[in-house]
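What follows is the residue order along each chain.
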Amino acid sequence: MSSTPSSKPLPPARARRGAAPAERREWLLFALLVGPNLLLFAVFTYWPLLYNGYLSFVRWDLLAPVKLWVGLDNYRELFTSAAFAGILVNTVVFTVATVALICGLGLLLALLLNQPLRGRNGVRAVVFSPVMLSGAAIGLVWIYIFDPRYGLLDIFIRGVGLRSPNWLLDPAWAMTAIVIVHVWKNLGYAVVIFLAGLQAIPRELYEAAVVDGAGSGARLRHITLPGLSPVLFFLLLTTTLTGFQAFDIIKVMTDGGPVDATTTLIYYLYQEGFVGFNAGRAGVAAVLLFVMMFAFTVVQMRTSERHVHYS
Amino acid sequence: MSQYALNRRQLLQGMAAGAGMLALAACAPVMTPAAAPAEGAAGDAAASARQPVTVTLWSSYTGKNGEAEAELVKRFNESQSDVVLDYQFQGSYEETAQKLTAALQAKTAPEISLLSDVWWFKFYLNQVLLPLDDLLAAENVDLADYQDSLINEGVRQGKHYWIPFARSTPLFYYNKEKWSEAGLPDRGPETWAEFSEWAPKLVKMDGDAMATAAFAHPDGASYIAWLFQPVTWQFGGKFSDPDFTMHMTDENTVRAGQFYADTVHEFKWAQPTKDISADFINGLAAATMMSTGSMGGVKANATFDFGTAFLPKETNFGCCTGGAGLSILSNTPAEKQQPAMQYLAFASSPESTAFWAQSTGYMPVRKSALESEAMQSYFVEFPQFKTATEQLPLTQPQDAARVFVPNGDQIIGKGLERITVQSEDVATVFADVQATLEQEAQPIIESLKAVEG
Amino acid sequence: MAQLETTDHYLQTNSAHAQEQIYWAGQRHGFLQRAPGYLAMLLCLLVIGLPVYWMVIGAFKQSSEIYHIPPTWLPLEPTLTNFSKAWNSAPFGRYYVNTLITTIFGSAFEIVFAVTSAYAFAFLRFPRKEWLFVLLLAALMVPAQVTILPNYLTVAQLGWVNSYAGIIVPGAAVAYGTFLLRQYYRTLPLEVIDAAKVDGAGYLRTLMAVVVPLAKPAIISFGLLSVVAKWNDFLWPLIVTNTRDMRVLPIGIYWLRVEEGSIDWGVIMAGTLFVVVPIVLIFLYAQRYIVDGIAAGAVKG
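Residue numbers (the numbering used here), protein chains in the order written: chain A, 1 to 311; chain B, 1 to 453; chain C, 1 to 301.
Any given hint could turn out to be false.
Claimed, not checked - Covered stretches of chain B, as calculated for chain C (at least 3 residues, CB under 8 Å):
1) 87-94
2) 100-108
3) 268-282
Hints listed in this document are in silico derivations from the structure and should not be mistaken for laboratory results.
Given the structure is predicted, the values throughout are model-derived calculations rather than measurements.
Yeah, the Cβ is synthetic: ideal placement off N, Cα and C, and Gly gets one too.
Please work from the sequences and hints to get the whole structure.
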């Protein structure tokens, strides 16, 4: 995201003041301005990461006075457990499904709302609004909507002559349900970003294409989509990270159930850490989650440097 | 906020966190229970010459039951001027236990906590509960007047750690309107076989969908393992022995599991649901098994007449107790221990337990309360409630696999979801559950040796 | 002069439709050709809007009506009792106060840190500056849930459990805002900053007197995003508070559902409105800033 240092304007101060005392003052100022922020990150973000690494090697329930060193036992236990494999699968399914739907539907909606249609600003606002709403509140509303007997969704499912599944109690449907809610809540984010991307594409390109007699399909393929590629890469990255981190909705709607069907890695981490108080297993999950997110980010940024078409 | 003076500890903490945080630390009320004395007590306290001691209670009740508990606390605070009880709701039984674990680590634990049947033992094993015998004696509590089976559940090595407060048994609830529509006699089924004959008459279909189920099963989070436990006993099975030998894979336990699965998938008259009590109250289920503690809510919200009955039999009768009791945490400072006990004694006194039982449906924990005038006349007025107390003498203690194995209740509950909600093979699922229980029991067996020898 | 231009440029994402209309005007689409577009818009309005509608009407339905099969589209006998029931089931007044305090202080910290850190990263020289910046951004990859257990232990050590400091401080550091504002500062006209320097203004005065006023739209955008995030924060306050007088709104509504006896959806929907309505009002009032704050992260990156 920040890998364009070449375009950076030179600090204005550099040319005029090169003297050593001024430089020292600049350092001091830098430390003063950035210090508190970095200090808080050190204490409340980076230290916890290291500490989780340590916890992944112990067995501890928070109550016992000592943390029992068990070496790689926690890792061995989790990597040989079928339930944990299921949780990793859930994580991948949830993340892939939500990223694909958010980016796909987001693009379609953005293309739609970029048309000169009357009332589109109102629709944009409505589409974006769920992004702002409390996950806890949204989760509660959707439990009510999903109820197979008196919920909103049931009206439509009956309307087409089908029977509503027992959304939140049926393991086969619960994952679908939380994917729907997560997509519903985060779609507006993608729409806003795609719209900004669309508007950043130079108008002259379209004008030239029209002059050349390119149809709307050709313009979409040759101008719009390539022009959106930086934005698309950005979205793939952020929605994936959001998917890995989805929590409030799962906590409120399913508590990871039924039968672990909606337990993702992050939910597992919470359950082991703060519900079951198995600090060791929570540590393993934390380490794994961070490694996955880090690896994904690095790969994503590398790929985007190579493939993104900057207009 | 300004009422909190900036003390040295907070100053240090503020400095530790770096500049800019100082002002914030100063206005942060570090948890002092005195911050929120229960209403009503404040006036008395000010009048009294001696500073009253503040004792904090963590508890788990909401709705009707929460109102009743708040009333109990109010009565306690009005009844005397030495102790101010600060009552704090902490979420479900599970959330309360989680909060308590975290708070013990942070040294912000309360003096008294409500602990459910599946949680108190974990805290006992970690030696954070106070043995109560001396305090009970000093308060002149008549232990012989408590229901024997209830008080004895909280005893380890001859010492009391867990005083019964909101104790329950499962009951069979049925909707009398639906019963008469189906032409059934006004009573609960004698046996599961009998109910299997009745059930199809109770089911109402709306197209393909079941508008009314004959019976509802809860999910793991709503304690399906607790309600299934007596069913295993009725089928001649059990979860485990007291020495942690697991019996999930015994023929009779599996048979009970198969019956549960069949009610949903084979006989199709039962439905799994997220909230059995809401389903029952709203007529979506004609009958269900539920805690006696749900009776207050059903009574207040149901628009139909309902009945309660003993649990059905299969080869035997079987019924367990459940619910929650009160414990005092062992890091309670000496000067607060007796005041804390004062509340325990008050909350489980014959008068209080009678009031609590009538408001909620939990059982009176005192023998004398059961015989009291008030209770007897209540039985006449509200006979559904009497079933619970009549069933109590027939109950047996719960299996170690559910109440002593950490998360045992949820492990079994998840297994039951796999057979009721999903239609997985019962024997396979129970074998998985057995393996997990055995694994999770191991540390408990070790700690038990260390603590009790 | 320069200031005006910059502001306009920043908001262009939203006002760009003016120029676009010029482009589309040449195309001469009739209403019929656009009908599918309007239909699609209607569909999308329904899909996104209906759940919100359901929440609002649920709050006005009586509990017998909630369980009515089939469900009703309008409350038959609208009632306000759900609101009073929800309000009285927990000290919501106090929750509002606490949520306001944690939101205001929490965002204030984030805004101040973002403004100052971004300035330092954009204009000051420091050894390994880029490296420090990446370190700061890497924090975006650490979900809050990963840190809760260690952070709870840290907060416990500091004696901050169940305090405003305990709720606010662990979340006060800011990575996204630093990134956003740094990007924005770098689009500012250098002449203005240089002019300030010639006037002899120090770095801090330049920041306060020149950079902050110029960057106001971006700061407002980020500030609003921060306010929304703090207002909705749920898990950390749930874990770190123990008493009624320290809890925040999302916890209050989360517990409406634990209600024993029956799930009263009308009451729960009324409760969710307590949390949602203030945010919706902010959104209606300041929509463009919020949308810009989000869009700027992508397009300028």
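How the hints compare with the structure:
Residues of the segment 87-94 of chain B lying with their CB closer than 8 Å to a CB of chain C number 5, which satisfies the three-residue condition for coverage. Requiring three or more residues with a Cβ within less than 8 Å of a Cβ of chain C, the coverage given for the segment 100-108 of chain B holds, as 6 such residues are present. Only residues whose beta carbon comes within less than 8 Å of a beta carbon in chain C count, and the segment 268-282 of chain B has 5; three or more means the coverage holds.
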